[in-house]
Every structure is written in structure tokens, then in C-alpha cells.
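Trainee: So the chains spell out like this:
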Amino acid sequence: MIWAFIYAFCSTVGFSILFHVPKKHIATAGFVGALGWLTYTYFIVSGSGSVLACFAGSCIVAIISDVFSRAFKDAATIFIIPGILPLVPGANMYYTMLAILEGNVTETASIGTETLLMAGSIAVALLVVASISKLLSLTGRKLLTYLK
Amino acid sequence: MIQLNVKSKVLFGVIMINQMQKKVLILALHAGELMMKSGAEIYRVEDTITRICKACKIPYVEVFATPTGIFLSLDEGSVDSDMHTFIKRIKGSSIDLEKISQINHFSREFTSTDLSIDSGLAIIKDISNIKPYPLLVRILGAALVSSFFALIFQGAIKDFFCAFFAGACSYALSVFLDKLETNLFIRGFCCCAAATLIALGLFSTGLGSDLNSIIIGSIMIFLPGVALTNAVRDTLAGDMLSGASKGIEAVIIVVSIASGVGVAIKLWTLLGGVF
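In the order they appear, the protein sequences are chains A and B. Per the working numbering, residue 1 is the first one in the first sequence, and the count goes up by one each step. Per the working numbering, residue 1 is the first one in the second sequence, and the count goes up by one each step.
In case anyone wonders, no lab produced these hints; they're calculated from the structure. It is possible that part of the hints are untrue.
Claimed, not checked - Quick list of in silico lysine-lysine cross-link-like pairs, DSSO-like style, CA-CA up to 30 Å:
1. K22/B with K57/B
2. K57/B with K24/A
3. K37/B with K131/B
4. K91/B with K125/B
5. K73/A with K125/B
6. K91/B with K131/B
7. K54/B with K148/A
8. K148/A with K73/A
9. K88/B with K158/B
10. K134/A with K57/B
11. K179/B with K23/A
12. K37/B with K22/B
13. K131/B with K73/A
14. K57/B with K88/B
15. K57/B with K142/A
16. K24/A with K125/B
17. K22/B with K131/B
18. K142/A with K54/B
19. K54/B with K73/A
20. K125/B with K23/A
21. K134/A with K54/B
22. K54/B with K23/B
23. K73/A with K37/B
24. K23/A with K91/B
25. K131/B with K23/A
26. K131/B with K24/A
27. K57/B with K73/A
28. K37/B with K88/B
29. K23/A with K37/B
30. K23/B with K73/A
31. K23/B with K88/B
32. K179/B with K134/A
33. K23/B with K57/B
34. K266/B with K37/B
Claimed, not checked - Covered stretches of chain A, going by a simulated chain B footprint (3 or more residues, C-beta under 8 Å):
35. 5-18
36. 62-71
37. 116-130
38. 137-145
Using N, Cα and C, we set each Cβ at its ideal position, and we do this for glycine too.
With the rest of the complex left out, here is chain A (with noise of 0.2 Å):
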């Protein structure tokens, strides 16, 4: 577990260098990229299925950087892309295009499938989490004018 969080700080503060995140948060990226990933292998170890997983993870990855994004007053897609990025299934699209080249339609539909849910369920994670925290801070707001 602590060396899954360790690689995936690392390949994220990779994502930050060639996305050209401003130095001062180049760690604090990484700190949200690891913790998604750290999300993502809890609940496969834990016997849920990867689609599930995926969505779990960028659920934390985009409340953390929304809750970043408010400490330091800085958008929050600078930690949303460098972190969702080693939840994108690559090793599936790797994996689907072998089933392709072996003429497996079946395992080619399969994995096919989960590749692309586990890329929908990304985004719609993060578009749950915006959608909530902007209610959230707008029934906040009307509460407290409402109570001045």
C-alpha cells in the first residue's frame, strides 16, 4: 500500500511537469494523484470491481482538490488533471488491443467495455463532486445572509 502511494506520487508529479503546474504546487498535485490511486487499490484489494474503483477514486481526487482549490485560492482543474490521470485506464487499452491483435473478439468486447466505463465513471465522479460542492456553497452563502 505505502509503495503504491509512493509510485503514484511520483509518475503524478510527472503529470504535473509536462502539464506545466505551478512549482509551488507541484507536490501537493502529486499528494492528490497518490491518494486517488491509493482510493482505487483499497477497493480492488478489497473484491470490488474496477469500474467502481475508478469511480471511487476520482470522487476523493476531485474533493481534495476542490477543498485545495479553496485553501489556496487556485483552480481546481490544476489538481484535478495531474490527479485523475493515473486512473485513466491505460493498462485496459493495452490489454484490448492485444485481445484485437490475438482475433479475440469476446475478451476484445470485454475488457473494450470496462475501458470505456471505467472512463465515463471518471468523469462523472468529478462532475457529482462539482455538481454537490456548488450546491453545498451556495445553500451556505443563502444560509448566511439569511441568518444576518
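Given the coordinates of chain A, work out where chain B should sit on it, guided by the hints.
Mentor: Structure of chain B alone, referenced to chain A:
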């Protein structure tokens, strides 16, 4: 004579307003273009443009942004004023989060303080001139990504170094192909084919022990994760056109990566390599 004087004054006034409008237009369009090129979502681009225009007290603003172009109309609101419309074609994009962060700060500052339009234009120009990290650092970043992904996918220490090398080489190739302005598909295809060939070569000489982890690590750099997620987000936010265009971009990149890997493996087996 007097009449002429009055007329010229009115004319002068109209021109002044138009110049102001035009500057706002340029400022907003540049900001939007920069954000779009750096990989921001559609609604954020439209929101920023609208906010900048409203901060300059222009009552009627309508923006329509897509990943390949921005359309912007402004109107002063009075009966005899002309409507100004600009179209900005956007070509090429590279994700740059520093720029997004800076523009975010800029639009917050521009709308909350009374920054002049000219200084706003100067700031936008500065932001557009921001360079990415130096090439060597970026290559090191790409190598970090691929090598640690090789470890995540059960590679051994040997594979770590192989993936480090393959990732660095394929990223350097992609930078070179970018300079030649090749299209999306050719770039993805060439880079992934090169990465796979390097991995196969290292594997067959016994330097690498797990072929799959090396290849997965080195293609991870080129995955369209951002395009994929932004496509779904845009579609769900109601920007169907942008969602479709980003989605097609992601599909093209995925197909290019997969075919690059596939062709390289096929070629290797045809030439009699073990696999």
C-alpha cells in the same frame, strides 16, 4: 460650419466608444483563446469572457465557445449603436496549467478592481508568453511517469530503468514531431510505435523482464485523459458540440496509440522477434 462641428463631435464620440469596445473584445477573446488552448472546460471559458465584458460595463454579451473557435458578440445597448462580432479560430492546443492559474487570478483581479483595459491587455500578453518547463525537465517528467507506472503494473527494478529509457525517448520524439507540426494521429502512432519497439528490443536482449509493464508505462504519457474527461463533462453540462469534438479528439488519439502498439508488435513478430 457649426453643424459640421457638431457632426464631427458626434462621430468622434462614436469612434471613441467603438475603440473601447474593440479593446474589450480583443482582451476577452485573447483570454478565452489562452484558456481554451491550455485545456480549460467550455463553461469556464464562456464564464470568464462574459465576466471580463460585464466588468467593462457592456450590457449585452453573448459567447459561444467550442474547442476549435470562439464567437463573441457585444452591444453597447443604446438604440443607434452597432453590434460587434468577432470570430476567433483556435488551432492546436497544449495543456498548460500555469496559464490557466494565471488567467484565473487575472479575471478575479480584473473584475474586482478597476484595472484599465490597456494594462489588462499587457498582462494577457505576459501570460501568453509563459514558457513551459525546460525540455530536459519535461523529458525527465515523462520518464518519471513511465518508469513509476511500470512499477505500479508489477514491473521489476529492471523494468523501471527500461521504461525510464523508453518513456524519455518517445517523449523526445513527440516534441520533435510537434516541431514539424504533424497531425494528432501521426504523432500518437509514431511515438507509441517507437516506445513499443524500444520495449521489445530491451525485452529481447534480456534487459527487461516484464514486457507488458514497460509498454503500459511508456504509452501512459500519451493517453488522452484530459480530452476524455472534458468531453464527458462538456456533454453533461449541455455543450454538445464541444463534447462531441473533444470526444472525437480523444477517440482519434486512443486509436492512434492502439494502432501504433499493434503495428509495432506485428512488425516485430513478422521480422522473427520473440514475444
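Trainee: Does each hint fit the structure? Answer for all of them.
Mentor: Consistency of the hints with the structure:
Using a Cα cut-off of 30 Å, the hinted pair K22/B and K57/B holds, with the two alpha carbons roughly 13 Å apart. Simply put, K57/B and K24/A have alpha-carbon atoms about 35 Å apart, too far for the 30 Å limit, and the pair is violated. Distance restraint check for K37/B and K131/B: the Cα-Cα separation of roughly 14 Å lies within the 30 Å cut-off, and the hinted pair is therefore satisfied. For the hint pairing K91/B with K125/B, the CA-to-CA distance comes to about 18 Å; that is within 30 Å, so the pair holds.
For a cut-off of 30 Å, the pair hint linking K73/A to K125/B stands: about 23 Å separates their Cα positions. Using a Cα cut-off of 30 Å, the hinted pair K91/B and K131/B holds, with the two alpha carbons roughly 18 Å apart. Note on K54/B and K148/A: the hinted pairing holds, with a Cα-Cα distance of about 28 Å set against a maximum of 30 Å. Distance restraint check for K148/A and K73/A: the Cα-Cα separation of roughly 25 Å lies within the 30 Å cut-off, and the hinted pair is therefore satisfied.
This hinted pair does not check out: K88/B and K158/B have alpha carbons roughly 50 Å apart, beyond 30 Å. The straight-line distance between the Cα atoms of K134/A and K57/B is roughly 27 Å, inside the 30 Å bound, and the hint therefore holds. Straight-line distance between C-alpha atoms of K179/B and K23/A comes to about 25 Å, which keeps the hinted pair within the 30 Å bound. With a CA separation close to 22 Å, the supplied pair K37/B and K22/B stays within the 30 Å bound.
Between K131/B and K73/A the CA atoms are separated by roughly 23 Å; this keeps the pair inside 30 Å, and the hint holds. At roughly 22 Å between alpha-carbon atoms, K57/B and K88/B fall within 30 Å of each other, so this suggested pair holds. In summary, the hint linking K57/B to K142/A is supported, as the alpha carbons are separated by about 27 Å, within the 30 Å threshold. Between K24/A and K125/B the alpha-carbon distance is near 23 Å, which keeps this suggested pair within the 30 Å criterion.
Between K22/B and K131/B the CA atoms are separated by roughly 28 Å; this keeps the pair inside 30 Å, and the hint holds. Under the criterion of a C-alpha separation no larger than 30 Å, the hint pairing K142/A with K54/B is consistent with the structure, at around 24 Å. Note on K54/B and K73/A: the hinted pairing holds, with a Cα-Cα distance of about 22 Å set against a maximum of 30 Å. Distance restraint check for K125/B and K23/A: the Cα-Cα separation of roughly 21 Å lies within the 30 Å cut-off, and the hinted pair is therefore satisfied.
Pair hint K134/A plus K54/B holds up; C-alpha atoms about 22 Å apart against a cutoff of 30 Å. Restraint check for K54/B and K23/B: satisfied, since their Cα atoms lie roughly 14 Å apart, inside the 30 Å limit. Distance hint between K73/A and K37/B is fulfilled; the C-alpha atoms sit about 22 Å from each other, no more than 30 Å. For the suggested pair K23/A and K91/B, the alpha carbons sit about 27 Å apart, so the restraint of at most 30 Å is met.
For the hint pairing K131/B with K23/A, the CA-to-CA distance comes to about 13 Å; that is within 30 Å, so the pair holds. As the CA atoms of K131/B and K24/A are separated by approximately 16 Å, the hinted pair is consistent with the 30 Å bound. Taking the CA atoms of K57/B and K73/A, the gap is near 26 Å; set against the 30 Å cutoff, the hint holds. Taking the CA atoms of K37/B and K88/B, the gap is near 12 Å; set against the 30 Å cutoff, the hint holds.
Taken as a hint, the K23/A and K37/B pair is honoured in the structure, with Cα atoms around 20 Å apart against an allowance of 30 Å. The hinted pair formed by K23/B and K73/A meets the criterion: a straight-line CA distance of about 28 Å does not exceed 30 Å. Our distance criterion of 30 Å between C-alpha atoms is met by K23/B and K88/B, whose separation comes to about 15 Å. For the hint pairing K179/B with K134/A, the CA-to-CA distance comes to about 41 Å; that exceeds 30 Å, so the pair is violated.
Using a Cα cut-off of 30 Å, the hinted pair K23/B and K57/B holds, with the two alpha carbons roughly 13 Å apart. Of the supplied pair hints, the one linking K266/B and K37/B is violated, its CA atoms being roughly 36 Å apart against a limit of 30 Å. Chain B is given as covering the stretch 5-18 of chain A, and this holds because 10 residues of the stretch bring a CB closer than 8 Å to a CB of that chain, at least three being needed. With a cut-off of 8 Å between beta carbons, the stretch 62-71 of chain A has 0 residues touching chain B; three or more are needed, and the interface restraint is violated.
Given as covered by chain B, the stretch 116-130 of chain A passes the check, having 7 residues with a CB less than 8 Å from a CB of that chain where 3 are the minimum. Counting residues of the stretch 137-145 of chain A whose beta carbon lies closer than 8 Å to any beta carbon of chain B gives 0, which falls below the threshold of three, so the coverage claim is violated.
The structure shown violates the earlier hints numbered 2, 9, 32, 34, 36, 38.
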